[in-house]
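Novice: Below are the chains, spelled out letter by letter.
4 protein chains.
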Amino acid sequence: MSFNTFGRMFRYTSWGESHGPALGAVVDGCPPGIALSEADIQPWLDKRRPGTSRFTTQRREPDIVRILSGVFEGRTTGTPISLMIENVDQRSKDYANVAVAYRPGHADYAYDAKYGFRDPRGGGRSSARETAARVAAAAVARGVIPEVRIRAYLTEIGGDVIDRAAHDDAEIDRNPFFCPDPAAAARWEGLVDAARKAGSSLGAVVECVAEGVPAGWGAPLYAKLDGDLAGAMMSINAVKGVEIGDGFAAARLAGEGNADAMRPGPDGRPLFLANHAGGIAGGIATGQPVIVRVALKPTSSILTPVETIDRTGAAAEIATKGRHDPCVGIRAAPVVEAMMALVLADHKLLHRGQIG
Amino acid sequence: MSFNTFGRMFRYTSWGESHGPALGAVVDGCPPGIALSEADIQPWLDKRRPGTSRFTTQRREPDIVRILSGVFEGRTTGTPISLMIENVDQRSKDYANVAVAYRPGHADYAYDAKYGFRDPRGGGRSSARETAARVAAAAVARGVIPEVRIRAYLTEIGGDVIDRAAHDDAEIDRNPFFCPDPAAAARWEGLVDAARKAGSSLGAVVECVAEGVPAGWGAPLYAKLDGDLAGAMMSINAVKGVEIGDGFAAARLAGEGNADAMRPGPDGRPLFLANHAGGIAGGIATGQPVIVRVALKPTSSILTPVETIDRTGAAAEIATKGRHDPCVGIRAAPVVEAMMALVLADHKLLHRGQIG
Amino acid sequence: MSFNTFGRMFRYTSWGESHGPALGAVVDGCPPGIALSEADIQPWLDKRRPGTSRFTTQRREPDIVRILSGVFEGRTTGTPISLMIENVDQRSKDYANVAVAYRPGHADYAYDAKYGFRDPRGGGRSSARETAARVAAAAVARGVIPEVRIRAYLTEIGGDVIDRAAHDDAEIDRNPFFCPDPAAAARWEGLVDAARKAGSSLGAVVECVAEGVPAGWGAPLYAKLDGDLAGAMMSINAVKGVEIGDGFAAARLAGEGNADAMRPGPDGRPLFLANHAGGIAGGIATGQPVIVRVALKPTSSILTPVETIDRTGAAAEIATKGRHDPCVGIRAAPVVEAMMALVLADHKLLHRGQIG
Amino acid sequence: MSFNTFGRMFRYTSWGESHGPALGAVVDGCPPGIALSEADIQPWLDKRRPGTSRFTTQRREPDIVRILSGVFEGRTTGTPISLMIENVDQRSKDYANVAVAYRPGHADYAYDAKYGFRDPRGGGRSSARETAARVAAAAVARGVIPEVRIRAYLTEIGGDVIDRAAHDDAEIDRNPFFCPDPAAAARWEGLVDAARKAGSSLGAVVECVAEGVPAGWGAPLYAKLDGDLAGAMMSINAVKGVEIGDGFAAARLAGEGNADAMRPGPDGRPLFLANHAGGIAGGIATGQPVIVRVALKPTSSILTPVETIDRTGAAAEIATKGRHDPCVGIRAAPVVEAMMALVLADHKLLHRGQIG
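Chains as they are written, first to last, in my numbering: chain Z, 1 to 356; chain P, 1 to 356; chain A, 1 to 356; chain U, 1 to 356.
It is possible that some hints are incorrect.
Claimed, not checked - Which residues of chain A face chain P? A partial, calculated answer using Cβ under 8 Å:
id : residue
1  : 9
2  : 74
3  : 75
4  : 78
5  : 355
6  : 356
Don't read these hints as lab results, they were simulated from the structure. Everything numeric in this text was worked out from a predicted model, so none of it was measured. Every residue gets a Cβ at the ideal spot worked out from N, C-alpha and C, and that includes glycine.
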């Protein structure tokens with residue numbers, strides 16, 4: 001798991017900049033014989049695609065994926081699967097000021113500090129556009145774990161939280177916010193519109209549940225399932241916090257309140273009476289739903305001017321024009337799902353390798 | 001970063017069970033020429049050692065470390081450094097019931113589901129006793145990053161939060177809770193005593209700050225400094241949540257409220273007006289203090305009986321006798337520091353390798 | 001170094017099949033600020049390109065490389081460099097018989113045994129066409145090690161050995177065999193012509209010398225410079241043997257005959273009186289030229305019919321039509337150079353990371 | 001596979017110096033439930049142990065192994081297995097001259113060039129004593145691959161080659177040379193005695209055959225079974241060449257002469273009519289015996305004085321007293337077997353992980 005490669009056994013290497021000719025991923029270690037075509041990948045990219053509602057960036061990218069290797073007669077061959085997505089709607093002139101001054105909260109300054117210079121067009125490599133490569137790779141991963149059902153949804157935008165009692169999975173795809181609570185979705189329209197019009201931006205919380213993960217996946221101590229999920233989620237642009245199960249709320253429970261009591265289940269497997277642990281104990285899946293929650297900060301690229309410095313170190317002020325998501329958390333939901341799928345596919349193969 | 005090895009360039013491999021003859025770590029990739037003796041490691045182990053107050057487990061382990069390789073005439077040679085700590089106070093008979101029934105919230109069931117059987121004595125490999133190996137390895141890592149100052153402290157036990165205004169670093173080592181607020185420390189005595197007497201346990205929140213991390217350490221995209229920290233922290237026993245900088249609170253800020261505005265600094269480097277980001281942007285250090293916060297659940301091993309099943313799948317009830325920390329979060333503070341040091345040492349070497 | 005990724009710090013991931021739409025490599029970990037354009041890569045691909053003489057396969061591939069990421073304004077940015085080469089001269093119908101019967105000596109049967117099926121067109125992933133990706137990646141690696149000069153040449157075809165006394169580096173590029181001895185090159189024309197006309201093929205030995213490698217690169221014990229070179233060279237198609245320095249001949253020397261005696265050198269560095277060791281001791285470069293020699297078997301795809309079985313297990317006979325190199329060893333020379341450059345670039349960064 | 005860790009899925013990390021208190025290995029990734037005790041490891045260490053005949057070093061090391069973790073009630077638990085061997089017969093005063101002057105052919109100078117200084121006692125980390133850790137780890141690996149039978153033997157000492165027609169596996173353990181030809185073994189007694197008395201040393205060639213390796217183990221392109229074997233063998237002290245199957249001799253064969261023709265076998269699997277390939281094609285096992293051959297140079301530490309320089313760069317002469325093997329190739333046979341077992345165990349788990 002180093003630099004631009006993710007995973008141990010089911011691995012992908014991502015490449016590409018926001019305004020380069022293309023971006024992509026090379027998936028390596030995928031088992032052979034899995035049915036795969038562009039049609040299996042495209043729907044997931046479409047979910048993440050920008051410009052589908054007024055609540056996301058207006059950049060128009062069709063995000064058409066091409067499979068360049070690793071598939072023969074409709075099935076994976078076990079060799080590397082190269083996926084490529086061409087960029088078609090670059091508008092680099094918007095970034096003239098970004099090239100000289102640093103957007104606070106963005107990676108601009110850090111990249112310059114590390115590399116000495118950077119590709120400023122659209123944020124270059126630090127752009128969330130890279131997440132398209134993840135979503136494409138994850139579509140392949142999904143074929144490796146047909147026993148698992150994954151869904152991610154927003155529980156909060158700008159501090160406005162859904163009503164858990166109103167949660168309805170069927171609602172998630174019926175609004176532009178991946179929101180399971182229709183009343184919250186309605187409120188969020190106003191919230192996001194207001195932020196956008198004010199030249200501001202909003203943060204969000206995304207929750208992701210994976211059902212069907214067999215007890216046993218995961219591995220102590222430095223390939224813990226929750227450790228890998230935390231690392232994976234924190235690698236997503238704008239994520240600042242990760243919780244497994246009850247997360248920070250668990251720190252406020254007493255031992256007996258946090259215990260996921262067990263009773264004999266119908267099929268020899270335990271029947272858990274609660275899931276505070278989020279489906280993972282000791283880094284290993286317990287067979288309960290795996291639950292992850294991530295916090296995303298508000299978009300750093302905003303129209304409201306902010307104090308900053310330029311590349312020479314002089315005082316400056318920056319207002320980011322370009323085209324940006326007023327709430328990056330919205331389009332993060334498919335990416336969170338993708339990372340969940342990628343981690344689980346990797347752990348399925350790792351488990352099978354060690355345990356047989 | 002796989003299984004029982006952590007790190008890419010500065011790596012350690014940990015081994016050992018709670019009630020085995022010994023535990024240890026092999027540190028690999030350490031630069032040569034660094035002064036190192038057991039005396040450099042022992043104080044850090046002493047901070048983590050059990051039995052130092054009535055608020056931790058009463059197991060009496062001296063935790064004496066031996067260096068078995070990799071050091072010649074008081075300096076590291078660049079070859080692997082083998083560190084060993086003997087276990088002396090095993091009392092395995094306490095675990096007879098744990099061998100047959102599963103402690104809810106603990107790794108017992110998950111290990112059996114994965115491996116088919118397990119070493120139940122003291123939790124075997126899943127015991128927090130393994131963290132002694134991390135602390136020893138981290139003492140070596142500290143020698144690699146003399147420019148960095150790390151401190152971890154508790155901000156919360158059982159939901160009782162410190163007063164940030166009363167924070168005094170000097171207080172951290174003056175109470176048995178690594179608490180920077182003396183008033184909170186006084187309250188926590190009562191809280192933890194009460195939990196212990198009630199056969200219950202408490203959760204906690206640990207915060208860790210690293211000052212002196214140069215801008216530039218870290219790497220996009222799957223070796224992000226925050227991604228690695230998240231994975232590292234989540235690998236610690238009982239951790240259920242990780243935040244960088246403002247963490248989940250950032251999700252409730254507007255873009256301009258979350259921006260860490262920059263002004264020209266005295267030495268050509270930026271002067272940041274805030275640190276919502278926790279010192280990391282785009283996965284790369286900005287030169288500000290790196291701030292991480294982790295949530296620890298209450299100890300799963302409690303005296304209060306809990307419903308469970310046994311290895312045959314039959315209904316059972318379990319009350320864990322043994323010797324346990326009433327609040328694992330307390331002794332986690334030195335471990336959180338250790339993981340911070342280990343991640344930073346690794347990234348210093350990675351940065352130097354790629355950038356020169 | 002796993003599956004389709006090579007290297008630890010300077011890494012590349014290769015992808016693509018012989019008759020797919022394209023092949024390529026993603027180079028990761030390259031330092032920033034190195035001048036790089038397609039013009040820096042193309043000449044190396046041209047050296048390896050098929051169809052340049054009657055002694056190589058007649059497949060006509062222009063092997064034009066495109067840089068899709070990781071370069072901005074003519075310099076590497078430190079982010080992944082995606083390189084793509086389109087296949088244009090596929091003639092897959094030639095492989096109808098290969099799809100059903102196994103070519104002895106080729107990977108056909110082994111791939112089927114592993115994956116259950118395979119892409120038979122042109123050998124799919126097992127084709128030496130993949131080495132174009134290595135050569136492209138190595139062109140990037142060369143920019144990382146400007147202090148090193150690498151040259152590979154053939155010392156032997158079909159058992160006909162060059163005259164070491166006649167070795168002239170200037171001759172290497174003057175004949176189609178990368179042969180430093182013009183008299184041997186003249187003889188080889190007849191040899192290879194005869195083999196081609198007979199529907200047979202020939203093996204070869206390639207030697208590679210890297211000058212300018214500083215003492216200290218390399219690392220005990222499982223990242224030894226010679227260990228990495230051996231693994232790298234053996235990963236090239238048709239390679240069956242690797243020697244460092246005197247190689248197998250060293251096994252016939254006495255201790256004092258094998259010793260590379262040292263005298264004080266002009267600049268404080270040792271002056272070696274011999275180089276039996278091939279520039280590596282204990283896995284670490286000594287500052288002498290690094291010398292590697294590899295043996296390549298004769299091309300397995302030959303016109304002469306050979307006994308085999310088909311996919312059903314029935315007896316068959318196979319004569320491979322297609323277009324093949326009568327001596328794969330010839331075009332291997334640029335690939336051996338490439339692997340040398342890739343290993344050395346990786347070790348330069350590893351050394352810099354650990355030692356500073 | 002980095003630095004002091006070997007393997008991807010079945011991994012071990014080795015540590016220890018020649019004259020330190022102990023050396024050892026941590027085996028990670030071993031499947032659970034495999035019977036293992038010290039008694040399963042000790043016989044393999046005894047085969048490699050020094051001082052068992054007058055043809056090896058007279059250092060007396062009992063090489064008693066202790067298992068410190070990872071085994072419970074006689075079976076592996078799936079967690080790391082820590083193996084430790086104490087050094088008892090260090091005699092460091094023999095190395096006073098080695099500390100100041102460099103032995104030509106040895107790692108002394110290279111280590112100083114890399115690390116700035118080194119532990120000179122007995123060669124420190126560069127001593128072949130480290131191979132005890134490999135042999136111990138390999139004893140664990142053997143339990144993972146019960147289907148495979150491995151034997152290594154010498155085919156050549158000091159240029160004196162065995163008679164292949166006289167090869168008898170039963171002879172291998174009946175002489176101190178692991179020699180399958182009793183006549184050659186008798187000759188080698190005189191050869192090695194003479195070299196020892198002359199203060200010289202001899203090289204050797206070791207061949208290793210693994211039977212029972214199923215078709216399919218291995219993986220293109222950078223985890224090829226032969227690539228991994230080559231890297232593994234070259235990591236053994238004093239190895240300068242590696243061949244798979246016919247090796248360099250294959251370079252002198254014509255295509256049809258090198259083809260391993262196939263006929264229908266009794267059980268649906270192919271019956272191969274030859275094994276020039278050494279059981280590997282395209283990096284993947286074919287089901288035939290896997291054959292590797294390695295060349296070992298003569299021991300670099302010899303009594304005969306050799307010209308060298310000292311640490312200050314001044315001219316010197318060195319004659320190594322200490323206790324050394326007159327032919328390191330002899331005791332390398334168990335180490336070559338060990339690396340074969342370690343590579344195969346790793347590939348079994350990798351194959352199972354990807355293919356299921």
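Novice: Against this structure, judge whether each hint is valid.
Specialist: Hints, verified against the model:
Because the smallest distance between the Cβ of residue 9 of chain A and any Cβ of chain P comes to about 5 Å, under 8 Å, the interface hint for this residue holds. Here the hint on residue 74 of chain A is broken, as its CB sits about 19 Å from the closest CB of chain P, past 8 Å. At its closest, the beta carbon of residue 75 of chain A sits 14 Å from a beta carbon of chain P; the interface hint therefore is violated under the 8 Å criterion. The closest approach between the C-beta of residue 78 of chain A and any C-beta of chain P is roughly 7 Å, which is under the 8 Å cut-off, so the hint is satisfied.
Among the interface hints, the one on residue 355 of chain A holds; its C-beta lies about 6 Å from the nearest C-beta in chain P, closer than the 8 Å criterion. Hint status for residue 356 of chain A relative to chain P: holds, with the closest Cβ pair at about 6 Å, below 8 Å.
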